[in-house]
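A.B. asks: Chains as they are written, first to last, in numbering that gives the first Met the number 0: chain W, 0 to 293; chain Z, 0 to 325; chain S, 0 to 396.
Each hint should be verified, as a subset may be incorrect.
[As the list claims (entries may be wrong)] PhoX-like mimics (lysine-lysine), calculated; alpha carbons at most 25 Å apart, straight line:
hint	chain 1	residue 1	chain 2	residue 2
1	W	LYS95	Z	LYS181
2	Z	LYS267	S	LYS325
3	Z	LYS184	W	LYS95
[To be verified] Label pairs and their calculated CB-CB ranges:
hint	chain 1	residue 1	chain 2	residue 2	range
4	Z	HIS71	W	PRO8	25 to 35 Å
5	S	LYS216	W	ASN146	51 to 61 Å
6	W	PRO130	Z	LEU234	52 to 62 Å
7	Z	ILE314	S	TYR290	26 to 36 Å
8	Z	ALA276	W	ALA187	48 to 58 Å
By construction, these hints were calculated from the structure, which means they are not laboratory data.
The beta-carbon is built from N, C-alpha and C at its ideal position, and this holds for glycine as well.
The residues making up each chain are set out below.
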Amino acid sequence: MEIFGRPLPAMLSQLLLGLVNGSFYAILSLGLAVIFGLLNVINFAHGALFMLGAVLAWMGMEYLGVNYWLMLLLSPLIVGALGILIERVFLRHIYKLDHLYGLLLTLGITLVIEGVLRSFYGVSGLPYSPPDALAGATNLGFMVLPNYRAWVVVASLAVCFATWYVIERTKLGAYLRAGTENPRLVEAFGVNVPLMVTLTYGFGVALAAFAGVLAAPVIQVSPLMGQHLIIVVFAVVVIGGMGSIMGSILTGLGLGVIEGFTKVFYPEASSTVVFVIMAIVLVVRPAGLFGKEK
Amino acid sequence: MNKTQLGYLLLLLALVAAPFVGAYPILVIKLLCFALFASAFNLLLGFTGLLSFGHAAFFGGAAYAAGHAMKHWGLTPELGLLFGALAGGALGFLFGLLAIRRQGIYFAMITLALAQMVFFFSLQAPFTGGEDGLQGVPRGKLFGVLDLSNDLTMYYAGLAIIAAAFLLIVRTVHSPFGQVLKAIKENEPRAISLGYDTARFKLLAFVISAAITGLAGALKTEVLGFATLTDVHWLMSGSVILMTLVGGLGTLSGPLVGAAIVVAIENKLGELGNWIASVTGIDWFNSLGESVSLVTGLIFIVCVMAFRRGIMGEIIAFIDRRRGKA
Amino acid sequence: MKLTLKPLAIALGVAAIAVSAQAQEKVKIGFVTDMSSLYADVEGKLGAAAIQMAIDDFGGKALGQPIELLTADHQNKADIAASKAREWIDTAGVTMVFGGTNSSTALATAKVALEKKRVYINNGAASSALTNEQCSPYTVHYAYDTVALAKGTGGAVVDTGGKTWFFLTADYAFGHALEADTSRIVKEKGGTVVGAVRHPLNASDFSSFLLQAQNSKAQILGLANAGGDTINSIKAAKEFGIDKTMKTAALLIFLSDIHSLTLKNAEGLLHTTSWYWDLNDESRKWANRFYEKHKRMPTDIQAADYSATMAYLKAVQAAKTTDADKVMEQLRKTPVNDFYAKGTLRPDGRFVHDMYLAQVKTPAESKKAWDYLKIVKTIPGDQVFTTKAESKCALWK
Numbered sequence: 000m001e002i003f004g005r006p007l008p009a010m011l012s013q014l015l016l017g018l019v020n021g022s023f024y025a026i027l028s029l030g031l032a033v034i035f036g037l038l039n040v041i042n043f044a045h046g047a048l049f050m051l052g053a054v055l056a057w058m059g060m061e062y063l064g065v066n067y068w069l070m071l072l073l074s075p076l077i078v079g080a081l082g083i084l085i086e087r088v089f090l091r092h093i094y095k096l097d098h099l100y101g102l103l104l105t106l107g108i109t110l111v112i113e114g115v116l117r118s119f120y121g122v123s124g125l126p127y128s129p130p131d132a133l134a135g136a137t138n139l140g141f142m143v144l145p146n147y148r149a150w151v152v153v154a155s156l157a158v159c160f161a162t163w164y165v166i167e168r169t170k171l172g173a174y175l176r177a178g179t180e181n182p183r184l185v186e187a188f189g190v191n192v193p194l195m196v197t198l199t200y201g202f203g204v205a206l207a208a209f210a211g212v213l214a215a216p217v218i219q220v221s222p223l224m225g226q227h228l229i230i231v232v233f234a235v236v237v238i239g240g241m242g243s244i245m246g247s248i249l250t251g252l253g254l255g256v257i258e259g260f261t262k263v264f265y266p267e268a269s270s271t272v273v274f275v276i277m278a279i280v281l282v283v284r285p286a287g288l289f290g291k292e293k
Numbered sequence: 000m001n002k003t004q005l006g007y008l009l010l011l012l013a014l015v016a017a018p019f020v021g022a023y024p025i026l027v028i029k030l031l032c033f034a035l036f037a038s039a040f041n042l043l044l045g046f047t048g049l050l051s052f053g054h055a056a057f058f059g060g061a062a063y064a065a066g067h068a069m070k071h072w073g074l075t076p077e078l079g080l081l082f083g084a085l086a087g088g089a090l091g092f093l094f095g096l097l098a099i100r101r102q103g104i105y106f107a108m109i110t111l112a113l114a115q116m117v118f119f120f121s122l123q124a125p126f127t128g129g130e131d132g133l134q135g136v137p138r139g140k141l142f143g144v145l146d147l148s149n150d151l152t153m154y155y156a157g158l159a160i161i162a163a164a165f166l167l168i169v170r171t172v173h174s175p176f177g178q179v180l181k182a183i184k185e186n187e188p189r190a191i192s193l194g195y196d197t198a199r200f201k202l203l204a205f206v207i208s209a210a211i212t213g214l215a216g217a218l219k220t221e222v223l224g225f226a227t228l229t230d231v232h233w234l235m236s237g238s239v240i241l242m243t244l245v246g247g248l249g250t251l252s253g254p255l256v257g258a259a260i261v262v263a264i265e266n267k268l269g270e271l272g273n274w275i276a277s278v279t280g281i282d283w284f285n286s287l288g289e290s291v292s293l294v295t296g297l298i299f300i301v302c303v304m305a306f307r308r309g310i311m312g313e314i315i316a317f318i319d320r321r322r323g324k325a
Numbered sequence: 000m001k002l003t004l005k006p007l008a009i010a011l012g013v014a015a016i017a018v019s020a021q022a023q024e025k026v027k028i029g030f031v032t033d034m035s036s037l038y039a040d041v042e043g044k045l046g047a048a049a050i051q052m053a054i055d056d057f058g059g060k061a062l063g064q065p066i067e068l069l070t071a072d073h074q075n076k077a078d079i080a081a082s083k084a085r086e087w088i089d090t091a092g093v094t095m096v097f098g099g100t101n102s103s104t105a106l107a108t109a110k111v112a113l114e115k116k117r118v119y120i121n122n123g124a125a126s127s128a129l130t131n132e133q134c135s136p137y138t139v140h141y142a143y144d145t146v147a148l149a150k151g152t153g154g155a156v157v158d159t160g161g162k163t164w165f166f167l168t169a170d171y172a173f174g175h176a177l178e179a180d181t182s183r184i185v186k187e188k189g190g191t192v193v194g195a196v197r198h199p200l201n202a203s204d205f206s207s208f209l210l211q212a213q214n215s216k217a218q219i220l221g222l223a224n225a226g227g228d229t230i231n232s233i234k235a236a237k238e239f240g241i242d243k244t245m246k247t248a249a250l251l252i253f254l255s256d257i258h259s260l261t262l263k264n265a266e267g268l269l270h271t272t273s274w275y276w277d278l279n280d281e282s283r284k285w286a287n288r289f290y291e292k293h294k295r296m297p298t299d300i301q302a303a304d305y306s307a308t309m310a311y312l313k314a315v316q317a318a319k320t321t322d323a324d325k326v327m328e329q330l331r332k333t334p335v336n337d338f339y340a341k342g343t344l345r346p347d348g349r350f351v352h353d354m355y356l357a358q359v360k361t362p363a364e365s366k367k368a369w370d371y372l373k374i375v376k377t378i379p380g381d382q383v384f385t386t387k388a389e390s391k392c393a394l395w396k
């Protein structure tokens, strides 16, 4: 059986691989969307903090012998704490200003984080292996899928939907959404909005670090690993609609799959396709697929 | 003649004299290319309120176009530069058509997306030479007479072109057209209610900015003899934002100062580091030259946190305060 | 110091010109390479350290005056590299420009050196255009180029039985050139190319390209890419078990890349290198000196930096001048014979020497730190580089 002149098994395996990449996009754009929703800040530092998450996983293993599973928990906590620090020291002073300043400030933070790590670890990268429990591969009939890749999809989808559930279906999430709409009113109800904002930023970047640890065994851990990804993830967020939680998850997965198929039919364009889609979407639906323009 | 005009005149005189008091002409002219780039960008961000995150496309696109025209079609420098400016303007028109009706951050993102496409085109098109870049563009003879391969001749010809382009920006800002742009920046709905077709004004401002950016890119190719992928990379778009911001958003002189600082950091940080190390005796500063992006990042942070108006913006505000008190 | 001296010299006017005329005979090397970005580990500051080591070994003096080394980081930007070289030549009196990694910076700097008539030596850049279409009487391309990598790896792999190839190619000029050159040699030797897939620069995930390669049933997976892309392709090939059905040949990879990949991921990898630290007693002796200082084994580029500097200084001493034409003439007529290579400089600027086809060891074969490669075959210099018939360089006709 064939689809568009390609054998079905080949298409199925590309679909699956697209989903794996889509999971990374989903979890990264989710963090960006959460931050944008409440803070109105475009967090350029997301890529750098993703990278920091991966580097921390490597450091844990290299210096302290801490295994993958523990770092999957610790790394987001450490980066989250760093995020809280960044929010307290820098970001909180610029909320009232134009978007531009948030973007520039976080771009500056990105350059500093990358610069520091680069001077310590160089650029060609650090090796990190998948944990023993997930080593090896499973034969699915149409392809051989490394177990670790399957775990990436499962783990990130679980985290994405848990986040979605908390924000859309719980009381805490209701405060959060209300804070997005009208912070002063929520404050009047006795909710500590500044604290909520701080914690949200911490949580958003913790998601980035979580993705970083997930990516560490798949992509070579290097100070530059975030730089290539961040621009694509920006595009994902814009296509999904800035600040839309479900939008960013679905768009992330969807674009991963589209990118995967592009790699078969027109591989040269596989990293441009996202931007083409973004341009089309912005022309047709300015607020993104799932967003509403304010 | 008021004080500001006097200031510009002095600056121009200083630039005319620069090669004779020890400044290295090629570095100065390169710096001025970036200053023009930043000024063109500032016309959009500082005076119209549009943040483009894709200006590298016009800068680099024009650099390739002009380089190709001068190298393979044998165009003379003035025609090559004109072609570069037109290429920048044409790209700007295309970008503008798609982006101009979008607001704020969406505008920035769509320009970024379009610029990424220009980057991938530049990476793949055969005439750009991929990662080798377009190399060996001849400087040629201006109007078929003036031989620009002499560094000093090149310097004065370039200075004249840049001064003229800068004057055009100043005129634009102070013209009725510029006033409408300012009105759009301050309060777009109001400008609409006054009967202005704001989208058209913004599009025109965008095309002018892109064309002047194109001129700056083409001139850089003319002076240095090559165009490479660095010119179209998104970091170049980031770099021009930094120049404008450090110098002072919405001030005419700011981008000049900002470009000077950013280019100086890229080119001279190593020497500055060695100098600090020899003065303070701290060895670490010797390796400062390898930390350009780190230092750039710190400047971004300090700028946004401490002096948002930029260097020139702060100076102007300071003078205004003094006047206000007196 | 330089900052305070400069205005003083200019104030002195005529005297300054007299001083600079004298300074012409002082040997000054200006080294501009990538010290902070993508290729910083291949050459970078340790490249500068290797050049300094050569200067020290030479005695620190040439033509009776101390030798000076200036360094700068071009951050992979051609405009910084070229304007730095220009400025060094015009204001600091640099007699030789030493260029580093990245083809666009190298080609731009070579043009400046040609215009200003200074010797230009490059080790790190891969583009064969430096000694072919864009050759110059002042350029010395010392270590390797894309043609040598293609011919070396392509030819030798077909000779050892790898007849069918599938390419994973970075989609820009460099990747295309590497793929085209390698395909040609593979076909000449009786092999076949069953397919190729072009990936965009800095694609972080290579698994889907690799599945396409695997479906082609070719014996050899040829990686026509560089840096992070090569590292990530090799890593993914291991993860998906591609290495069980295909042999991987990396067309451009350095010791520093293998070090960061670790043997577990890189084992079995075939590639061509211009030098390896564990070749013989001479190379080991030099490499150990380097290691003691920097705690890293040198890459072939860093070794070439030392060797090329030494060759240049000897030529200056023999020609008794820093004049570029005379030094180049001296370089062309003096064969090099040191721990790095035995070879000669051709009229097109290509330094011709033997290259090596190497295979990465398995973790079990590796006996000590940095014990990464076994040399499969020595490829004679006259076969591996561009031949006179193929050359488009006007200086070599």
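A.B. asks: Run every hint past the structure and note whether it holds.
C.D. replies: These are the hints, each one checked on the structure:
1. Distance restraint check for LYS95 of chain W and LYS181 of chain Z: the Cα-Cα separation of roughly 21 Å lies within the 25 Å cut-off, and the hinted pair is therefore satisfied.
2. This hinted pair does not check out: LYS267 of chain Z and LYS325 of chain S have alpha carbons roughly 32 Å apart, beyond 25 Å.
3. A hinted pair counts as satisfied when its Cα atoms are at most 25 Å apart, and LYS184 of chain Z with LYS95 of chain W qualifies at roughly 17 Å.
4. Evaluation of the 25 to 35 Å hint for HIS71 of chain Z and PRO8 of chain W yields a failure: the beta carbon distance comes to about 48 Å.
5. Taking 51 to 61 Å as the suggested C-beta distance range, the pair LYS216 of chain S and ASN146 of chain W does not conform, at roughly 25 Å.
6. Look at PRO130 of chain W against LEU234 of chain Z: about 36 Å separates their beta carbons, and that is not inside 52 to 62 Å.
7. Distance hint check for ILE314 of chain Z and TYR290 of chain S: the Cβ-Cβ separation is about 53 Å, which falls outside the suggested range of 26 to 36 Å.
8. Between ALA276 of chain Z and ALA187 of chain W the CB atoms are about 56 Å apart, so this pair conforms to the stated range of 48 to 58 Å.
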